[in-house]
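Could you put together the complete structure from these sequences and hints?
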Amino acid sequence: MTLAPDEAPRPVAVRRVLLLPAETWPRILMPLLIGAMSLGAWEWAVRAYEVPHYILPAPSLIWATLLRDWPSLSVSLWITLQITFAALAVAAALGLLLAVLFAQSKWIELSLFPYAVVLQVTPIVAIAPLIIIWVDDIRLALLICAWIVAFFPILSNTTLGLNSVDHNLVDLFRLYRASRFQALLFLRLPAAMPYFLAGLRISGGLALIGAIVAEFVAGTGGRASGLAYRILEAGYQLQIPRMFAALFLICITGIAIFLVLGLVQHLALRRWHESAMRREG
Amino acid sequence: MEGGGAGAGRATPSLRTLLSLKGVEKRYAGGTLALRGVDLDIGQGDFLSLLGPSGCGKSTLLRIIAGLTAQSAGRIDWPLAAHDATGAPEPRLGFVFQEPTLMPWATALTNAALPLRLEGVARSEREARAAEALSRVGLAGFERAYPRALSGGMRMRVSIARALVTRPDILLMDEPFAALDEITRFRLNNDLLEIWQETGFTVVFVTHSVFESVYLSRRIAVMAARPGRIETEIAVAAAYPRGEGFRTSPEYAAICRTVSLALGEAMAA
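Here the protein sequences line up with chains A and B, keeping their order.
Note that the first sequence covers residues 151 to 431 in my numbering.
Note that the second sequence covers residues 191 to 459 in my numbering.
If you're looking for bench data, these hints aren't it; they were derived computationally from the structure.
Be careful, since some hints might not be right.
[Stated by the list, open to error] As a list, the in silico SDA-like pairs of lysine to any residue whose alpha-carbon atoms are at most 25 Å apart:
{"#": "1", "chain 1": "B", "residue 1": "212", "chain 2": "B", "residue 2": "268"}
{"#": "2", "chain 1": "A", "residue 1": "256", "chain 2": "B", "residue 2": "258"}
{"#": "3", "chain 1": "A", "residue 1": "256", "chain 2": "B", "residue 2": "259"}
{"#": "4", "chain 1": "B", "residue 1": "212", "chain 2": "B", "residue 2": "245"}
{"#": "5", "chain 1": "A", "residue 1": "256", "chain 2": "B", "residue 2": "220"}
{"#": "6", "chain 1": "A", "residue 1": "256", "chain 2": "A", "residue 2": "321"}
{"#": "7", "chain 1": "A", "residue 1": "256", "chain 2": "A", "residue 2": "270"}
{"#": "8", "chain 1": "B", "residue 1": "212", "chain 2": "B", "residue 2": "227"}
{"#": "9", "chain 1": "B", "residue 1": "212", "chain 2": "B", "residue 2": "271"}
{"#": "10", "chain 1": "A", "residue 1": "256", "chain 2": "A", "residue 2": "314"}
{"#": "11", "chain 1": "A", "residue 1": "256", "chain 2": "B", "residue 2": "219"}
{"#": "12", "chain 1": "B", "residue 1": "212", "chain 2": "B", "residue 2": "455"}
{"#": "13", "chain 1": "A", "residue 1": "256", "chain 2": "B", "residue 2": "218"}
{"#": "14", "chain 1": "B", "residue 1": "212", "chain 2": "B", "residue 2": "263"}
{"#": "15", "chain 1": "B", "residue 1": "212", "chain 2": "B", "residue 2": "358"}
{"#": "16", "chain 1": "A", "residue 1": "256", "chain 2": "A", "residue 2": "340"}
{"#": "17", "chain 1": "B", "residue 1": "212", "chain 2": "A", "residue 2": "325"}
{"#": "18", "chain 1": "A", "residue 1": "256", "chain 2": "A", "residue 2": "315"}
{"#": "19", "chain 1": "A", "residue 1": "256", "chain 2": "B", "residue 2": "260"}
{"#": "20", "chain 1": "B", "residue 1": "212", "chain 2": "B", "residue 2": "456"}
{"#": "21", "chain 1": "A", "residue 1": "256", "chain 2": "A", "residue 2": "332"}
Here it is, written out as structure tokens:
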């Protein structure tokens, strides 16, 4: 049996400029341009109207403060990052594990899913003080708060993914007398991968927010020294440029987490999933 | 061949019986009768088409044979198949769905090797056998390709390679080429016949196309709907190999006419 030459699809050539596909550049350059213009307008407005720096500092002053205070801010950044990533890792592991458990039995899902929703809808600001009182280790308390916020998207997305398997493939596995474990490993988990990664991407940002919110609640006790604590501290001392510098670091961190998880998603799915495919023609 | 003109007539299976259905019925929970009293013997090495309009239960019948759907009444025997410890038959089945039904995250090779992987065959052996199955369906050189990069016809070829990789006793095909364009369908028809003749497995082929069923089969079971049933069986006596010459022959046209009339009668009955 042979394949007719016209049966195979022709591969599409991608034009590249400086290693990246040509149409990727506008997606990088345009937001940067908007950002630069906004910062320019901000700088100009602060100088032109002589706004005092304790009301609104100019971007140049914030940058200078960031460089000056980098030694103390970087330590805080590192602490916040540790809590964020630890919470994200625990959320990913537990979310995946629980979703797999849900996929094994409808009864487990029916019984436990509402409580996952309870975790999701409880305002973290309201329960953070309790957790900080109950848990002695402040780092652990912060981690739990960040985890509560980050956990749900991973759980619900992965649960959806594990149940969104092509019915014919399920039949095929049945036909070949596959065990439950084989069906999970070779069929359900790979099929759930795009959903899990989408959940992870949402949870990355949420873990950071959860960590910051918890630090705000705990921070006044003086035991924590994450970025939120730096913001509170700078606020009390009316060091507004320093406050903005810490805020800037939080934003950059959030963007970086989003981009890194997006890259992970792209690398993991680029060969097969529609979401990672470039449209042809 | 007996009765009927132009190479078509009543079925007389002279092959050893691989599979025997007696009084097979399917009634859904709502009370709808999807299949009524199906009696059917399928010989080893036969090429049988189940031909009928949509809703006649031909896909249901195929799924019952595959063990994917349980029948409500009747029995299915596999006299030649091995039986497990409890006495249940374990025929080696290959199933081809209407859609290619490939795992999008896996290469053509991994997809074709899936049944062997589920059986616990070692990696090197299953990859060698999957590569052999792929080359048999004309896909040598596409082992590392992902389904997304293949055309519809090529994906169906991977699906057929996957069904063949276990060297099944019987290949069950549920309108496998219905979604393909006609030129690709003709090619796959010819290639399927070629493999079937080389290998000698049994095929049960569900289709709603008179032309396709006549071109491929030794025997056609004409089905009717409401309730789903086999109305008549027609043997197609034309010799194999059948090529493009057969497709344009008066003999082919005459058998198609006979089968069309039988299908029309079945639907009117």
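For each hint, the structure was consulted:
Using a Cα cut-off of 25 Å, the hinted pair residue 212 of chain B and residue 268 of chain B holds, with the two alpha carbons roughly 12 Å apart. Proximity of residue 256 of chain A to residue 258 of chain B is assessed by CA-CA distance (about 21 Å); at most 25 Å being required, the pair is judged to hold. Simply put, residue 256 of chain A and residue 259 of chain B have alpha-carbon atoms about 22 Å apart, close enough for the 25 Å limit, and the pair holds. Restraint check for residue 212 of chain B and residue 245 of chain B: the C-alpha separation of about 21 Å stays at or below 25 Å, so the hint holds.
With a C-alpha separation of about 24 Å, the suggested pair residue 256 of chain A and residue 220 of chain B falls inside the 25 Å cut-off, and the hint holds. For the hint linking residue 256 of chain A to residue 321 of chain A, the alpha-carbon distance of about 19 Å falls within 25 Å, and the restraint holds. This hinted pair checks out: residue 256 of chain A and residue 270 of chain A have alpha carbons roughly 21 Å apart, not beyond 25 Å. About 7 Å separates the Cα atoms of residue 212 of chain B and residue 227 of chain B, which keeps this hinted pair within 25 Å; it holds.
Proximity of residue 212 of chain B to residue 271 of chain B is assessed by CA-CA distance (about 17 Å); at most 25 Å being required, the pair is judged to hold. Restraint check for residue 256 of chain A and residue 314 of chain A: satisfied, since their Cα atoms lie roughly 14 Å apart, inside the 25 Å limit. Note on residue 256 of chain A and residue 219 of chain B: the hinted pairing holds, with a Cα-Cα distance of about 22 Å set against a maximum of 25 Å. Restraint check for residue 212 of chain B and residue 455 of chain B: the C-alpha separation of about 24 Å stays at or below 25 Å, so the hint holds.
For the suggested pair residue 256 of chain A and residue 218 of chain B, the alpha carbons sit about 24 Å apart, so the restraint of at most 25 Å is met. A hinted pair counts as satisfied when its Cα atoms are at most 25 Å apart, and residue 212 of chain B with residue 263 of chain B qualifies at roughly 9 Å. Between residue 212 of chain B and residue 358 of chain B, the direct Cα distance comes to roughly 23 Å. Compliance with the 25 Å bound is thereby established for this hinted pair. With a C-alpha separation of about 20 Å, the suggested pairing of residue 256 of chain A with residue 340 of chain A holds against the 25 Å cut-off.
Proximity of residue 212 of chain B to residue 325 of chain A is assessed by CA-CA distance (about 22 Å); at most 25 Å being required, the pair is judged to hold. With a C-alpha separation of about 16 Å, the suggested pairing of residue 256 of chain A with residue 315 of chain A holds against the 25 Å cut-off. Distance hint between residue 256 of chain A and residue 260 of chain B is fulfilled; the C-alpha atoms sit about 23 Å from each other, no more than 25 Å. In summary, the hint linking residue 212 of chain B to residue 456 of chain B is supported, as the alpha carbons are separated by about 21 Å, within the 25 Å threshold.
Restraint check for residue 256 of chain A and residue 332 of chain A: satisfied, since their Cα atoms lie roughly 19 Å apart, inside the 25 Å limit.
In summary, the structure agrees with every hint in the numbered list given earlier.
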